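Hey, can you work out the whole structure from these sequences and the hints?
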Amino acid sequence: MSHFLYPVFASGFFESEAVHIALAVGALVAIVTGVVGVFTVMRGQSFAGEAFGDLGTTGGAGAYLVGVGPLWGFVLGNVIAAGAMEAIGVQRARGRDLATGIVLGAGLGLAALFLHLYTTGHSATGATVTILFGSVFAISSTTIPLIVLLGAIVLAITLTIYRPLLLSSVNAEMASARGIPVRLVGVLYLLALALAAALAAITIGTILSTALIVGPAASALRITRRPLTALLTAAGIGVGAMWLGIVLAYDSYHWPPHGTIWPVSFFVVTLVFITYLLSGLPEARRRRRADRTPSASLVTQPATPS
Amino acid sequence: MNEAPPAAESQEILQVDGVCVRLSGRTILDRVSFQIAPGEFTGLIGSNGAGKTTLFRVILGLQAASAGRVLVGGPAHPREHARRHGLIGYVPQKFLFDPDVPLRARDLVGLGIDAHRLGVPRPSRSRRALVEEMLHAVDAERFADTRVGKLSGGEQQRILIAHALIGRPRLLLLDEPLANLDLGSAHEVVALLARIVREQKIAVLISAHEINPLLPVMDRIVYLAAGRAVSGTTEEVVRPDVLSELYGHHVDVLHVHGRVLIVAGAGEDTDLAGHEGVFPRSEVLS
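Just so you know, the protein sequences line up as chains A and B, in that order. First residue of the first sequence? That's 1 in this note's numbering, and the numbers climb one at a time after it. First residue of the second sequence? That's 1 in this note's numbering, and the numbers climb one at a time after it.
What the hints contain is simulated information worked out from the structure, not anything from laboratory work. Note that the coordinates shown come from a computational prediction; the quantities given were computed from them, not determined experimentally. Don't take each hint at face value.
Stated by the list, open to error - What follows is a set of in silico ranges between Cβ atoms, one per label pair, in the way DEER data are often shown:
| no. | chain 1 | residue 1 | chain 2 | residue 2 | range |
| --- | --- | --- | --- | --- | --- |
| 1 | A | R292 | B | V120 | 36 to 44 Å |
| 2 | A | V187 | B | C20 | 29 to 37 Å |
| 3 | B | D98 | A | A24 | 31 to 39 Å |
| 4 | B | G119 | A | R286 | 32 to 40 Å |
| 5 | A | V187 | B | L215 | 42 to 50 Å |
In this text, a Cβ means the ideal position worked out from N, Cα and C, and glycines have one as well.
Quick look at the structure:
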């Protein structure tokens, strides 16, 4: 089969253990980030998602410094960051960006220190590049149980609080009037986001991780009208981008400059971006058609709140 | 904590007794008292800053009163603070959905049934039938499958009302539901609410800064000014002497072509600047 499909799957693709791990871990992480990401976009917390990604750098650098796997660093760093954001007031609509920004700044300062300390003892480019841009091919099989556990925790949190989370993401006032503990729901969600960002960081790197959280979700919200379908669509887009990215990265061994593969994260992020652009097409076409037929202008835009 | 109210008032679904709210030294509500019985349509009238939203938050149990108490549910289920959620349906003020939100109108109505439950909703025939019935009740079947963010302001209000009603509350609170609507949509929403009050025998408390759209349907009025309130029928409350007393200076009530205009009396113009929040821009109060 691999011979027949050679133009798509370069030789050895289906035999390589690194590819197997990449496909499995990549799919799991894409599902988790897709599901979590829908709520990130709905709640307008993309900046917090980005901050968790960046702050993973601090945790990852710290992990290298003390000699444990980077995923531990990502997880610990992000959970601490989530606690700090909550304490400063990430849940107040007005304080949200402020809290995120303050924690982000402080955390990145630590990342600079950790990387500096690590560099003095080792050749640091490898560590830095792995932390920042990740490589789904470099995930060791010993990390898999932790990845599966974290993924299961994130999905369990998100699906358990699904309905309260959905209503409080749409309107916090309506949710609290119904007796939903909006603050607790927000904290649990922030924790899920922090862990999802750690998983994204181990797969495609810390600075690219938010692309995997925000991108598929933003595309899904443009194509579907139903909440559960949006979760599935975002997960599907993420898995698609991840797998196609892995295939292309594997193939790129034969592309110039020969003998090395292009970063898989580059492919994944680019595919996510292209999907987002394409997801706007149906709406744009509808609008163009609506502009041509005068009667369709009856579909009124809601007035902006004054 | 307190015993049930005396038998004479025991039919009330909502009883507000001398509620005061002071926030960082400012008095927002000052000894507000009124009652609402099932099947009554009550308008909470007052200009911006009069304390309408704060009063709603106290009734919902989201804001503690500095003094006084609120009882919801009548004698069968007197509930003072916690656990009154099932009894009250709530439509928040000045709120429009984001166009991107992946919720059809029917999804939002469905969330009204079970948003407080954990887990993912399992589709069932009875759930779907209940949603369908409620969409029909607010005349929203036509746009049931449209994203909520793409609906007009009036259509969104209908869906929010359905969301609040589907849990079978005994009291429906609506905070300025007419504020963003054009006149036609406002009349439709008011007529819909009046019909719901009649058909479902629930009580409606609706806040507004403009009294006229509610005049034809209101059974009772709670008039709020600078944190103080008077309540009664429209005839009892919308009178120069009563409102002058409430505002603390002379106010005229004019009837023009079936509309009511409440204006600061002649010679009071110089006072207006000092009464920001009590008076709207013009001298016409309502």
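Evaluated hints:
1. The supplied range of 36 to 44 Å is met by R292(A) and V120(B), whose beta-carbon atoms lie about 40 Å from each other.
2. The beta-carbon spacing between V187(A) and C20(B), approximately 32 Å, falls within the hinted interval of 29 to 37 Å.
3. Against the hinted window of 31 to 39 Å, the Cβ-Cβ separation of D98(B) and A24(A) comes to about 35 Å, which satisfies the hint.
4. A beta carbon spacing of about 34 Å between G119(B) and R286(A) agrees with the range 32 to 40 Å that was offered as a hint.
5. In this structure the supplied range 42 to 50 Å holds for V187(A) paired with L215(B), their Cβ-Cβ distance being about 46 Å.
Hint violations for this structure: none, all hints satisfied.
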